[in-house]
Amino acid sequence: MKLFKWIALSFTFICASVSAQNLSIATGGTGGVYYPMGGGLAAVLSSKVPGMSATAEVTGGSVDNLKLVGTGTPYVAFSMADAAKDATSGADKFKDKPIDIRTLLILYPNQMHVATVESTGIKTMADLKSKRISTGSPGSATEVMAFRLLEAADIDPNKDIKRERLSVAESVNAVKDRKIDAFFWVGGLPTAAVTDLANSPGMKIVMIDTAAEVPAMNKKYGNLYFPSVITKQTYSGMAKDNNVAAVANLLVVSASMSNDEAYKIVKAIFDNQLDLVRSHAEYRNVKLDAQKASATPIAYHPGALKYFKEKGIKVN
25 MKLFKWIALS FTFICASVSA QNLSIATGGT GGVYYPMGGG LAAVLSSKVP GMSATAEVTG
85 GSVDNLKLVG TGTPYVAFSM ADAAKDATSG ADKFKDKPID IRTLLILYPN QMHVATVEST
145 GIKTMADLKS KRISTGSPGS ATEVMAFRLL EAADIDPNKD IKRERLSVAE SVNAVKDRKI
205 DAFFWVGGLP TAAVTDLANS PGMKIVMIDT AAEVPAMNKK YGNLYFPSVI TKQTYSGMAK
265 DNNVAAVANL LVVSASMSND EAYKIVKAIF DNQLDLVRSH AEYRNVKLDA QKASATPIAY
325 HPGALKYFKE KGIKVN
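Terminal number for the sequence shown in the numbering used here: 340, no gaps in between.
Do not rely on the hints blindly, as some may be mistaken.
Said to hold, decoys possible - Heads up, simulated EDC-like pairs for lysine to aspartate or glutamate below, C-alpha to C-alpha not over 16 Å straight-line: (1) K291 <-> D313; (2) K91 <-> D120; (3) K330 <-> D313; (4) K91 <-> D116; (5) K91 <-> E142; (6) K153 <-> D116; (7) K264 <-> D233; (8) K200 <-> D220; (9) K330 <-> D284.
Claimed, not checked - With beta-carbon atoms standing in for the labels, derived distance ranges: (10) K338 <-> K186: 45 to 51 Å; (11) K200 <-> V339: 40 to 46 Å; (12) K200 <-> K338: 47 to 53 Å; (13) P225 <-> P326: 51 to 57 Å; (14) K186 <-> S77: 24 to 30 Å; (15) N283 <-> N46: 17 to 23 Å.
FYI, nobody ran anything at the bench for these hints, they're computed from the structure. Virtual Cβ for every residue (Gly too), placed ideally from N, Cα, C.
Using the sequences and the hints, build the whole thing.
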């Protein structure tokens with residue numbers, strides 16, 4: 025009898041393990057915003073959703089994240105809207121390899137940082153010519169948007185600059201060590217690595233305006249970008265507000281994710297938003313009334329739409 029009970033208990037445990045929903049959260053580099061936000065999301069899903077276990081992973085950023093979703097492994101991915109659009113259409117970094125994804129949530133705006141320090145003499149996009157510039161890490165949407173910005177500013181990234189491909193944390197260290205002159209980084213506010221640069225003794229941060237390039241970018245790539253402002257209070261030492269190009273951030277999953285799972289993830293985010301804000305302040309900008317079909321190039325997951333309907337939110 026004892027043996028029978030032991031076998032029965034073991035079988036129950038095995039079944040429970042099999043039915044548990046194990047997710048990976050594809051984030052970004054440790055110096056950015058996706059990483060702490062992903063860690064907060066993993067903690068909430070694991071502690072607040074019965075039967076769900078989630079782990080945050082360090083990645084190269086949006087492009088890598090979308091490719092991870094495409095592997096078929098259960099991933100929830102942070103991504104910029106432009107990279108997500110490329111993924112669904114099989115363009116650019118996803119050439120001829122489209123990925124079937126769905127939007128769970130529009131998160132918050134990603135602001136383009138083109139950062140340097142006063143000693144370089146760089147004040148405008150035109151001043152980047154012939155300089156040593158990081159355009160973002162391989163596998164990041166920063167690199168995608170940086171190329172589009174440079175193109176709009178009539179700068180060839182392969183001929184007119186000495187290009188490096190560094191993460192935001194690596195870029196900041198390279199500026200401190202005078203190995204590069206400036207770097208591109210698109211992320212939320214504040215970004216920890218940029219704060220580190222702004223607070224570095226003997227250096228005065230300079231943020232380059234990029235909003236003027238938005239019309240040319242949208243003309244070629246679709247209505248993905250919009251002008252925004254990084255206020256001078258965001259980073260220590262900024263002399264003025266920074267007028268920048270911005271793009272929406274999305275939380276995306278495979279189209280094959282079950283409606284129930286997608287619903288639970290979205291519900292958990294809004295039910296536990298105060299907990300999530302403790303992981304990063306950008307969770308304050310995740311809003312129900314911002315969920316509009318016109319604001320994302322990727323269709324919403326039916327599970328997400330079910331939650332929005334319950335809350336009286338009209339997405340279309």
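For each hint, the structure was consulted:
| no. | hint | result |
| --- | --- | --- |
| 1 | K291 <-> D313 | holds, 15 Å |
| 2 | K91 <-> D120 | holds, 13 Å |
| 3 | K330 <-> D313 | holds, 15 Å |
| 4 | K91 <-> D116 | holds, 13 Å |
| 5 | K91 <-> E142 | violated, 38 Å |
| 6 | K153 <-> D116 | violated, 24 Å |
| 7 | K264 <-> D233 | holds, 10 Å |
| 8 | K200 <-> D220 | holds, 10 Å |
| 9 | K330 <-> D284 | holds, 9 Å |
| 10 | K338 <-> K186: 45 to 51 Å | holds, 50 Å |
| 11 | K200 <-> V339: 40 to 46 Å | holds, 45 Å |
| 12 | K200 <-> K338: 47 to 53 Å | holds, 49 Å |
| 13 | P225 <-> P326: 51 to 57 Å | holds, 53 Å |
| 14 | K186 <-> S77: 24 to 30 Å | violated, 45 Å |
| 15 | N283 <-> N46: 17 to 23 Å | holds, 18 Å |
The structure fails hints 5, 6 and 14 (numbered hints given earlier, in ascending order).
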